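With these hints in hand, go ahead and build the complete structure from the sequences.
Chains as they are written, first to last, in my numbering: chain A, 1 to 101; chain B, 1001 to 1169.
I should point out that these hints are in silico values taken from the structure, not numbers from a laboratory.
Remember, predicted model here, so these are calculated numbers, not experimental data.
From the three backbone atoms N, C-alpha and C, an ideal C-beta is built for every residue, glycine too.
Each hint should be verified, as a subset may be incorrect.
If the Cβ cut is set under 8 Å, some of the chain A residues that face chain B in the computed set are [claimed, not checked]:
1. A4
2. V8
3. I23
4. N42
5. A63
6. L78
7. N87
8. A91
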Amino acid sequence: MTVAQFLVLSAAMFSIGIYGVLIRRNAVLVLLSVELMLAAVNINFVAFGTYFADPAAGGQVFALFVITVAAAEVGIGLAIILLIFRNRASANVDELDVLKW
Amino acid sequence: MDLSIAQNWFFLVIALVMVAASLVVVTSRNVMHAALMLVGALAGSAGLFILLGAEFVAGVLVLVYIGAIIVLFLFGVMITRVQIGQSRTLDHANPWPAAVVAIATFAVLAGSAVAFFGDAEIDRVAAVRTSDIGHTIFDRFVVPFEVVSFVLLAALIGSIVLARKDTDT
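Written out as structure tokens, the structure is:
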């Protein structure tokens, strides 16, 4: 196993996530795409942790931190989406233009 | 990639499943299918973690992501009454700008990774013991650990405050 093959796979998943964030109009699906990007970052952390053979497993610890932050992000994100839906009866990000003049 | 090594075959199969599942996540017209295909992508990355000798992270990924976050997403889909089933209004009409950005990002990231690391081998996959991870968290990374647990607590309280209906005032 080369380290580059993990990095290329991670780059592919990150790019697919970017495509999803840009193309989706539904806020829940945008969050799903963000999860894809975070999963790609996790692959990088663990692959580098194994590649550099860190005896203290720093890469894996940071992957755990990323998982925690992802959980916090999904919780707060879905609460915001729920609030938007309650106020505007829509979860379409194109209609959220109250900050536009 | 040397296909005479069994690990590379496992990697190839898992990688193909992950990329296919991710593409379904971002292109499916059915919200439920998109959320459930995210399970496929994340299960694939758990498989990669086991391939890399990170069993504890793989277990946490399955428990936290597939066990909790996906369920939260499914609740989000149901509460916001996104049309379950076929829907035409989920995507922008013109996918090309997004596709150009995504392909350019992939070219830069993958090109620099290959140019920098070339065919540097991961020569020795030593399974990391969970006790090592515990020692590292509570020794070297104890301040980030406290910060991240505070972030999680704040997010928890924040989402409760945001999502509940104001009935008392």
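Comparing the hints with the structure gives:
no.: 1; hint: A4; verdict: holds, 5 Å
no.: 2; hint: V8; verdict: holds, 5 Å
no.: 3; hint: I23; verdict: holds, 4 Å
no.: 4; hint: N42; verdict: holds, 6 Å
no.: 5; hint: A63; verdict: holds, 5 Å
no.: 6; hint: L78; verdict: holds, 4 Å
no.: 7; hint: N87; verdict: violated, 11 Å
no.: 8; hint: A91; verdict: holds, 4 Å
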